[in-house]
Amino acid sequence: MDFIEILMKSVIIGACMGFAVGAGAARMFHAPQAQGMGAFRTLGELNACEGDPIAHFSFGLGFLFNSWASIVGTGAFTQDVVHRIIPNWSAAVLLMRNKNIAETLHNPAKMALTGAVIGAVVIGLMNSTAVAIPPALQLIATKVLVPAANWLINLVMPIVFWMAALDAGRRTGVWGTILGGLSHLVMGNAVPGIVLGILIGKGVDDGGWNHITRILVVAVVLLFVLSGFFREFDIKLLTEFYVDVPDGLKAFHALFKAGA
Amino acid sequence: MIVDNNEDLQTGFWLSEWAFPIFTAFLAAGVFAGTHMYYVYHIGAFNEIAIVAMLEAGLKGGSFGAAAAFGASFLFARILEGPLVGILDIGGSIMTGVGIGIPAIFLSMGITGPLESFPLALLTGAVIGLAIGCIIIIIRKYTVASNESTFGADVMMGAGNASGRYLGPMIVIAAAMASIPVGIGATIGAAVFYAWKKPIAGGAIIGAMILGALFPIMTK
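So the protein lines, in turn, are chains A and B. Under my numbering, residues 1 to 260 are what the first sequence spells out, in order. Under my numbering, residues 1 to 220 are what the second sequence spells out, in order.
Calculated from the structure, these hints are not laboratory results. Check the hints yourself; a few may be wrong.
[As the list claims (entries may be wrong)] Within a straight-line C-alpha distance of at most 35 Å, the following computed DSBU-like cross-link-like pairs (lysine-lysine) qualify: (1) A:K250 to B:K60; (2) A:K143 to B:K60; (3) B:K60 to B:K198; (4) A:K143 to B:K198; (5) A:K250 to A:K236; (6) A:K99 to B:K60.
[Unchecked claim] Covered by chain A, according to a simulated footprint, are these stretches of chain B (three or more residues, beta-carbon under 8 Å): (7) 62 to 73; (8) 152 to 162.
[What the hints assert, rightly or not] Rough simulated footprint, nothing fancy, chain A against chain B, three-plus residues with beta-carbon under 8 Å: (9) 15 to 21; (10) 37 to 49; (11) 165 to 177.
Note that the structure is a prediction, hence the values are computed from the model and not measured. Ideal placement from N, C-alpha and C gives every residue a C-beta, glycine not left out.
Construct the complete structure from the given sequences, taking the supplied hints into account.
Pasting the structure below:
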């Protein structure tokens with residue numbers, strides 16, 4: 001039965017993540033002596049609730065409904081489950097019994113174990129309710145969300161990332177534009193190229209041409225060459241420039257097709 | 001697991017350097033298994049709708065290029081940034097990098113095993129997470145923080161958040177194109193969520209689904 005299977009898997013996933021998120025959140029309070037994990041905004045929000053269990057609980061609850069709508073409609077949790085609900089509810093549970101934040105919220109062991117329980121319950125509940133929605137509603141979700149998502153990926157994201165690259169300085173602008181255009185030609189979407197352009201441009205802006213940025217450029221070139229080859233971009237390119245495709249190249253491509 | 005509370009916290013396991021890779025392993029295992037859930041049941045991916053949509057585009061027969069490059073470059077930038085600032089951003093590194101980028105790379109190479117099998121998904125995620133945790137601890141140990149660059153992670157984060165905002169209005173437009181009741185529902189839902197200071201995408205979806213349940217979209 002699918003439902004039981006989904007519930008069991010979700011509980012395991014939730015426990016794993018809750019354990020790690022709880023420990024990571026508590027460790028954030030000990031950074032930089034200990035390496036924490038989470039997010040700066042999570043740290044800020046945990047501090048903003050000032051150790052009041054009700055504040056922590058209601059802060060998490062506010063994001064629960066949003067995440068729930070998202071998972072029921074689209075199957076995506078949103079990052080709020082990990083950034084907000086699990087850390088704040090773990091803090092709330094611990095603080096209900098002991099108001100001393102040094103012994104509760106800042107204690108990785110207690111946060112990890114509480115987080116594991118909260119994670120298992122929250123993820124189990126949300127996933128098992130999401131799967132129970134009738135197929136008629138799923139039709140709506142696909143009719144509405146798929147076109148919206150396609151516009152987002154094919155137009156909005158390339159444009160927004162492109163603008164961000166142009167605004168981030170001359171170097172990111174040039175790299176982003178060149179790699180963005182190339183990436184749409186080779187991979188069918190400009191976003192990966194623009195992202196890599198920002199990565200290279202900012203890396204060089206901040207650190208100059210050191211070995212990390214050089215490796216980055218080599219990796220990007222390799223990525224473009226390989227994905228171009230496997231999408232037969234070279235053959236298309238030659239054809240559209242009215243150049244005859246050499247038989248050797250065709251044979252070379254055929255070599256890889258046979259294996260696939 | 002029972003932990004001895006007498007253990008000194010500052011020197012004990014829970015705050016030690018070598019415990020960090022264990023935590024990243026647990027988190028990455030959970031997130032990667034979440035992507036397995038999405039792959040198999042179409043629920044439970046741990047990311048924003050806009051970012052999961054990139055993976056969905058690949059699953060629907062398109063290209064995994066966007067998801068792979070977006071996720072992998074985020075992972076790279078965050079791994080460099082994490083040890084320098086003392087806090088690893090799990091949104092960019094684990095949820096986007098391990099949850100979206102690495103699965104997209106696997107799928108673009110035709111490797112489906114780690115996403116089809118739950119135990120294998122947990123294991124794959126754990127191994128990746130362990131590796132990430134170890135790399136971060138090694139960078140922490142052996143580099144004097146000489147590299148001040150975040151490799152534009154802030155620029156990408158800003159653009160990512162900005163493009164996420166576009167989704168709400170686009171859902172309302174798509175709903176209006178699907179049918180009149182669904183469009184009315186999405187419009188009202190978006191307005192109500194905005195008034196409540198919640199992201200309007202969520203309200204638009206709920207509104208569309210409520211009205212769509214009462215007046216199903218006509219299929220000709």
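**Asked** Which of the listed hints are not met by the structure?
**Response** The structure conflicts with hint 6 only, although it agrees with all the remaining ones.
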